[in-house]
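Going by this note's numbering, the sequence shown opens with residue 1, and the numbers climb by one from there.
FYI, nobody ran anything at the bench for these hints, they're computed from the structure.
Don't take each hint at face value.
[Said to hold, decoys possible] The list that follows gives simulated cross-link-like pairs (lysine-lysine, DSS-like), each with its CA atoms no further than 27 angstroms apart: (1) K107 / K84; (2) K84 / K101; (3) K20 / K107; (4) K107 / K175; (5) K9 / K20; (6) K20 / K101.
[As the list claims (entries may be wrong)] DEER-style ranges, computed between Cβ atoms: (7) K101 / D203: 16 to 22 angstroms; (8) D139 / N245: 24 to 30 angstroms; (9) S5 / G33: 41 to 47 angstroms; (10) E250 / S85: 42 to 48 angstroms; (11) G32 / D193: 37 to 43 angstroms; (12) E63 / K101: 32 to 38 angstroms.
From the three backbone atoms N, C-alpha and C, an ideal C-beta is built for every residue, glycine too.
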Amino acid sequence: MLERSDVTKILNSRNDREHKWMSACWVIGGSGGMNGAPLLSAKATLRSGSGYVRVSTPGGTGEIPSEIVGFDIPTEDWEEYVIKSDFERFKAVVVGPGLGKTQMARKAVINLLSATQIPTVVDADALYAIGQQSLDPSDFGDHVVLTPHDAEYEYLTGHRPQTNRILDVRETAAKLNTVILLKGSTTIISHPDGRCLLVNNGDQRLATAGTGDVLSGVIAGLLARGVSPFEAAAAGAWIHAEAANNCLAEGMIASDIIRVLPEVLDAANVG
Numbered sequence: 001m002l003e004r005s006d007v008t009k010i011l012n013s014r015n016d017r018e019h020k021w022m023s024a025c026w027v028i029g030g031s032g033g034m035n036g037a038p039l040l041s042a043k044a045t046l047r048s049g050s051g052y053v054r055v056s057t058p059g060g061t062g063e064i065p066s067e068i069v070g071f072d073i074p075t076e077d078w079e080e081y082v083i084k085s086d087f088e089r090f091k092a093v094v095v096g097p098g099l100g101k102t103q104m105a106r107k108a109v110i111n112l113l114s115a116t117q118i119p120t121v122v123d124a125d126a127l128y129a130i131g132q133q134s135l136d137p138s139d140f141g142d143h144v145v146l147t148p149h150d151a152e153y154e155y156l157t158g159h160r161p162q163t164n165r166i167l168d169v170r171e172t173a174a175k176l177n178t179v180i181l182l183k184g185s186t187t188i189i190s191h192p193d194g195r196c197l198l199v200n201n202g203d204q205r206l207a208t209a210g211t212g213d214v215l216s217g218v219i220a221g222l223l224a225r226g227v228s229p230f231e232a233a234a235a236g237a238w239i240h241a242e243a244a245n246n247c248l249a250e251g252m253i254a255s256d257i258i259r260v261l262p263e264v265l266d267a268a269n270v271g
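Input sequences plus hints: build the corresponding full structure.
The structure is reproduced here in structure tokens:
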């Protein structure tokens, strides 16, 4: 079970990167002019230590906060546009929040993941995209973090998590050759080599709409700071839950978690 002291060690072991481009993250999500989900992820990424956060929504990014950089990409074949840009400058990527389940989106997600070794958090609709393909372990690697809840896990495997959730997730991580974070009352993080960590400091408020987008951003922020994907997923889950614990008991919304992330990170940094 992951404890505060473990998170402190993870955060203190990272390689801090002084220039903004040394901790840059690109969030790709949203569709049809709707960019709420990727913006939640982007804001969480920024609050978790990324020095530069770019957001793109296929077909047009729309209005975004001044601290975040918008980058328009086309509706069709957007992955080719991304790959041919300055993509390799980024240290972390989030793909999926609000992206939609169209055939174009599915194709783009697979092409993007196949084209890069950049640490990438795959969430929401991008998990659906993966689940619609014939999965080949060579398509993935431990630089990819999949973050399903139970229904999204079924996209990936064809079944809901089994009674022995830990064993099930371990087997799936090995099969897909990727890090998997299965959300739940006890969140399970498994590496393809069999390592497994558990996080259970959260509560039912983490089932609130948008909190999954925030979690993907927290993990990406840690990736951008140089934390390994497995440890970033585990520490990110703990930080995300702890931030929710620091919010009001009633009426919490996803953006409340983002607001308290800096104080949670500050406390975890000093142990």
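Comparing the hints with the structure gives:
no.	hint	verdict
1	K107 / K84	holds, 17 angstroms
2	K84 / K101	holds, 24 angstroms
3	K20 / K107	violated, 31 angstroms
4	K107 / K175	holds, 21 angstroms
5	K9 / K20	holds, 23 angstroms
6	K20 / K101	violated, 33 angstroms
7	K101 / D203: 16 to 22 angstroms	violated, 30 angstroms
8	D139 / N245: 24 to 30 angstroms	violated, 37 angstroms
9	S5 / G33: 41 to 47 angstroms	holds, 45 angstroms
10	E250 / S85: 42 to 48 angstroms	holds, 44 angstroms
11	G32 / D193: 37 to 43 angstroms	holds, 40 angstroms
12	E63 / K101: 32 to 38 angstroms	violated, 25 angstroms
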